[in-house]
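Since each chain sits alone in its own frame, please combine them into the complex, following the hints.
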Amino acid sequence: MTATLVEPDAGRETPLQRIDRTGKRPVWEEEPSRIGQGLKGISLVGVCLAIVAPLWVVVVTSLSDTKTINDAGGLVIWPKHITFQAYTELLSGGTVTRATLVSIVLTLVGTVFSMIVSVLCAYGLSRPGSFGHRPVLLALLVTMFFGAGLIPTYLLVTGIGLQDSYWSMILPSAINVFNIMVLRAFFMSVAPELIDSARIDGAGEWRILLGIVLPLSRAVVAVISLFYAVGYWSAWFNATLYLQDSSKYPLQLILRQFVLQHQLPPGMGVAMGTGQVPSLAVQMAVMMLALIPVAVLSPFVQRHFQKGMLIGAIKG
Amino acid sequence: MKAGATTARDEDAGAGATAAATAAAGAPAGRRLSLRPGDRPRKRAAAAVRPELAGGPTRWQRIRRDRTLLLMVLPAMALLLLFNYIPLLGNVVAFQDYDVYGGGMLHSQFVGFANFQRIFEDYRFWQVLLNTLSITFTQLILFFPIPILLALLLNSVISDRLRGFIQGVLYLPHFFSWVLVITVFQQMFGGAGLIAQTLRQHGYNGFDLMTNPSVFKFLVTAQSVWKDAGWGVIVFLAALSAVNGELYEAAAVDGANRWRRMWHVTLPALRPVIALLLVLRVGDSLTVGFEQILLQRDAVGPGASEILDTYVWYVGIRTGDYSYAAAAGLFKGVLSLLLVLLANKVAHMLGEQGVYSKK
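Chains as they are written, first to last, in numbering that gives the first Met the number 0: chain A, 0 to 315; chain B, 0 to 358.
Read the hints as simulated data drawn from the structure, not as lab findings.
This structure is a prediction, so every number in the text was calculated from the model and none was measured.
Any given hint could be a false lead.
[Unchecked claim] Which chain B residues face chain A? A few, computed with CB under 7 angstroms, are given here:
1) Phe82
2) Asn90
3) Gly315
[Claimed, not checked] Where chain B lies over chain A, by a calculated footprint (3+ residues, C-beta under 8 angstroms):
4) 66-75
5) 91-101
6) 115-121
7) 129-135
8) 166-180
9) 285-293
[Claimed, not checked] Stretch-level coverage of chain B by chain A, calculated; a stretch enters the list once three of its residues show a Cβ under 8 angstroms from a Cβ in chain A:
10) 62-74
11) 252-265
All C-beta atoms in this analysis are idealised placements derived from N, C-alpha and C, irrespective of residue type, glycine included.
So that you can see chain B by itself, here it is in the shape it has in the complex (with noise of 0.2 angstroms):
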């Protein structure tokens, strides 16, 4: 992530910063500069020359001086504490026998890896799991392309005001609720649904797509591509922005038609991107969609639609089993991280830069 390399070449120029300063001064290695590198350099280079500038401040001193940064950061620390990390310590609950009305977390008798044999022994937990790959994997196939199929076509309209009319048009279900855009497809595709009516007045059978199990993967990607596709446009939109102009006319000079230059320029271009995404995508093939499925499971029944997040909650909340329920989640946690290290580490070996560099 980009935002992560920024921290990483402040970091740097900080460290090339404070050895030039400690060499200058002849002070001692490993003291800390008294200046923020957010600091001017031209500042820094004073305190070379001034030796007494170059003694850093200690510990406490820091501290006093940032106090208001950290006063500021405070609020979202706590946040963070209370609603990240703290139960992530309560994932303890996947190794107790958790028992609501036996004094909860702290009095639950541990039972180590018993809720996990139940799970791999479960022949529902294997089905959950075959569903959420097989979704994610008509995702990746048919949403994917999408985006950027969409972007080279907006990108080759010349008129500003109309590929901005446009933009608007397709970044606008991005903001819409799953709950709206699920009712929006039921008002389409459903029994009730515009098609099935229109069918029915010129003497066709209805159907009924939202209720279909064996139509449930494609569905599920139909939506999703419908309130997300267009919006997944705009990272693609920003990249070929940054080609240099003058690649294109150089192409052009050179007897390349509108075919090759789009295969030598826009393509080169949009590789790192794609390949940013795609690691991503399958970093993260163990959710999808979580509200959206949900908010169909009981409609289509959960033979085709239960996926590893509805799982843990129908569960966890409806049938109370917490631990059975968290241990499926904290092992989908644990897999996915695995996952994302693993699609990093990948692209690194392809050449690409991947979500995060090694520093």
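Extracted from the complex, chain A is given alone in its bound form (with noise of 0.2 angstroms):
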């Protein structure tokens, strides 16, 4: 992973710096060419329309009965007959319900648990010239520069037990050091004049961090999360690195078997065969399982992100 660029200052308006967004051209810019402005909304529709049309597509299949498909030959475009009935069939018991539990719960337990430990590492490191912070940062830095390599990892996870246990898909990607610094930079912008007056009315670091200053960093907290949380609802690797036990899988295995693989592990629903090929609704419901979650809450990140209020990428 490589990250950067985190702007310290980034909760602060700064008015003047920012190009004036009230909707209308300056009076200074020249109208823009007829053929300028057709060629830009016809880049812009194909964009959109690379990332929505394959969703489209898989959506629409999903809500398929299977005459319409077997007309289309495959994957439907236009939706006829909507139906519910594949997502009936694999949330009504069986192997695609209880990946789909195992992997909410992983996230819910992992997320919060990666705040609670990057959160206050964060405020930990957020108070200048306290003590022994300087080599603890070093410590968290040297990692994002050099990793332990996967095979010692590998040797270490498995050597503690942690095999099969739901905790080897939490404890080694517990925390994210680019998510701590991004946390603790904005710690670190929350105005010092608040801080020092609940100090000086008497308020410990506990009662600083849970009352001044996570409140007032609600909106970072909240994209942490959901970054913390995507990673655990994506996870494929380390589930299929420690994960021995089918009956411990969470989504994103399923979903490889069934769509890439075409297999159907044993212990599927009843109205399927073990061994058959999951109809095509199906697969594609399953990939809506992996997605809708997603789809819908990173939406609430960008609100935060157009706020300005993180400025900031991963990439990778």
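Written out as structure tokens, the structure reads:
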């Protein structure tokens, strides 16, 4: 992971420096040419279609009945007879229901755990001049440039007996140094006057963190929570590496088996016999199960990005 | 990284204040200041006036004062120690003939650099290194410019609501898992995918991009673009929004047209960000989407799709040759570190900020 660019003062308004975005063209700007506008519109529509169109096909196919799918010869582009049969089939018990529940619980527990550890760490490092914060910071940053490597980590995790335990999905990936750095940068940008006056009034560090710093950092806490949640929800590799027992598989593993490998794991719902290839609608419905939570939650992050609360980014 | 720069600035401020305090109070140099620099500068001035406050606390007093903060850092440190630093030491298996059943790391025989010698004599390893670099290069050429172009395009959209909507669409795939992205691609470009299906219905031959080794690096790049190019826009949009609007106005008044304004105002504003991301990408040359490629390794075959990370996984986890795999992993880690340092140095030489700077 490479990560960068945290603006320490991002929470504060700098009206002069922003381009005036009142939704009107500034007077000094020349009128755009028809052709230019047209090309711009076409490229924007094209970009959006490239992202939305495949998802549209997946949604429509997951909602189609067998006849529509057969008529279309596979994927369906226009809906005809909408049916939720694939979803009721999947969620009426069996492998997919269990995997979905596993993923939901893992994501919730993991996110809460990661956030507690990260917020505490970030706050502990955010008071300038505190004892020992520099070596700790260095210890964190070093791991961004030099990871331990797959094999030693694997030997350790299996060595301490986490194999086949859900903790193997949480503990090794629980903290993300970049996320801690973003949180820390925001905690440091909280106006020192507020913290000082609280301290004079006799508030301790816990009180300052819970009563002042966290409420003021709600936006960044939401964003980082979402990053962690998406990480846990999407985790596939650690699951294949550490979970041997197929009854413990999270949704991403089932998704891969269903759609990429066309296999039905044993214990699939009554409607389909073992060894049968899952129907296309069912495959698409599994994709939708993996997709819906992120598609619902990510617009909330975007709101916070747009407020200019977090000027930072993650690549990879 | 800016976060690092922030610390450096605090330290400067702290050091300056200490110097001022000791100078004013005539206290012996090298004493620690009693106040945390986070406290207000006014208080530091007070400390300077009252020498008894400038005599700093001892180490134990500071630990006592900050014990809550230290306690807060503890859980993260424990995790870091257990899952980062202990495995770091675990890299000794790279210098051993590791035997899972012969007592593990503590009792395995040391073989020096024999594992590394095996790697360098293995033609597969060089093939894998070549694969990795060729995918990195393809992505550098075909992926890297896209977020910049998208950011320029988005920045020219005047309506706030429209821009917000497009941003929402662009960011969405970043939050998808790799499993999901690859299944989406399979449904579009696979043998039974939408395009092959449509072609067949109109009497043409279908095709399957997902299992074709010769286009694999382009396929991987296309998947990365679909997933992350939109997300990459954020950094550039942030840089663009920091441009002083008056610069554009002044340029326009001076007669610069749209393109000249972009060339003389917009692009210079983006240059530091572009340089930084380029440095990071080049420093990260040996890493290309591990999970993404591992998911497709079996479908495409290792010939085209094996990269350093999947090679380590295959040799270590699949075939159980832990020592060889750990040595390959360690080699990659050290080489990557050197590449980051080198890329950073080049950036500094070109007058850019780089990932971090010397104090």
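**Report entry** Contradicted hints - numbers only
**Finding:** 5
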